[in-house]
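Q: Sequence:
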Amino acid sequence: MEIAKNIKQGNIAVKIHSNENDCWDPEAVKFNHPMSFNTLAIDEKLQREIVNDLDKFVRAREFYKRTGKAWKRGYLLYGPPGTGKSSLIAAMANYLNYDIYDLDLTENREEDEEVVNNGHNKMTLSGLLNAVDGLWSCCSEEHIIVFTTNHKERLDPALLRPGRMDKQIHLSYCNFFAFKKLALNYLCITEHELYEKIEQLLGQVEVTPAEIAEVLTKDVDATECLQDLINFLQDKKMIKEEIKSEENIKEDHNLGRENI
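Under our numbering, think of the first position of the sequence shown as 197, with each following residue one higher.
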């Protein structure tokens, strides 16, 4: 992680800028989110891939200058809620010491049809694409554009092409490596006799890091927390099996009707 240290200038604090009514608030506030890649609970291989990609980007000034391209990189983070998209952005910002410009597009998307019909000058998909591709992106130093969504399949394909979204990152459910990061963060432990059972259950159910973190904060005793987590995962497994059983019964019933 030496690249990040080299590009930091003094002790300049990372700031977050908000956007309201299509205008950036001139009063940025200090970004105090403590998340780092040392504490981020995601897959180990994926984390290493992201850090390497960031390092490569910040070293590439001469490449972008030589090729006449804007020194920018687009990321798409997608996956179920609670899988760490916002935490990853915080880790990226802290790692590179980059300010954050936070723009919520959900409201704009809902208003797109009304905006087009009324002819108002609001940000639509077309305006967003122009912002990503336009001249403004060539008028500053390096920057990274990060989009997050819970539903990648709903995005316009025009937004996903290379040059706009250069790297697409799927943040999925919690695996054992991510769990151990959470256990270290919340319980200050690296090993426990209950880990084997937890690893087994994590391979059988879908659970987000946010759900696990919530369980791990319920008690100060590590053993009790881990036992609570095992109970939580077993309940999830039972529900999953019940749903599967109901689906099988329904499928057998439909098959029987077809054979009549």
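Read the hints as simulated data drawn from the structure, not as lab findings. One thing to keep in mind: the hints can contain errors.
As the list claims (entries may be wrong) - Computed list of lysine to aspartate or glutamate pairs in DMTMM-like fashion (alpha-carbon distance at most 25 Å, straight line):
no.	residue 1	residue 2
1	Lys-377	Glu-442
2	Lys-446	Asp-424
3	Lys-377	Asp-352
4	Lys-393	Glu-437
5	Lys-393	Glu-410
6	Lys-363	Glu-258
7	Lys-393	Asp-362
8	Lys-252	Glu-240
9	Lys-241	Glu-407
Q: Look at each hint and say if it fits the structure.
A: Cross-check of the supplied hints:
no. : hint              : in the structure
1   : Lys-377 / Glu-442 : 36 Å, violated
2   : Lys-446 / Asp-424 : 33 Å, violated
3   : Lys-377 / Asp-352 : 35 Å, violated
4   : Lys-393 / Glu-437 : 18 Å, holds
5   : Lys-393 / Glu-410 : 19 Å, holds
6   : Lys-363 / Glu-258 : 21 Å, holds
7   : Lys-393 / Asp-362 : 39 Å, violated
8   : Lys-252 / Glu-240 : 18 Å, holds
9   : Lys-241 / Glu-407 : 22 Å, holds
Taken one by one, the earlier hints fail for this structure at numbers 1, 2, 3, 7, listed in ascending order.
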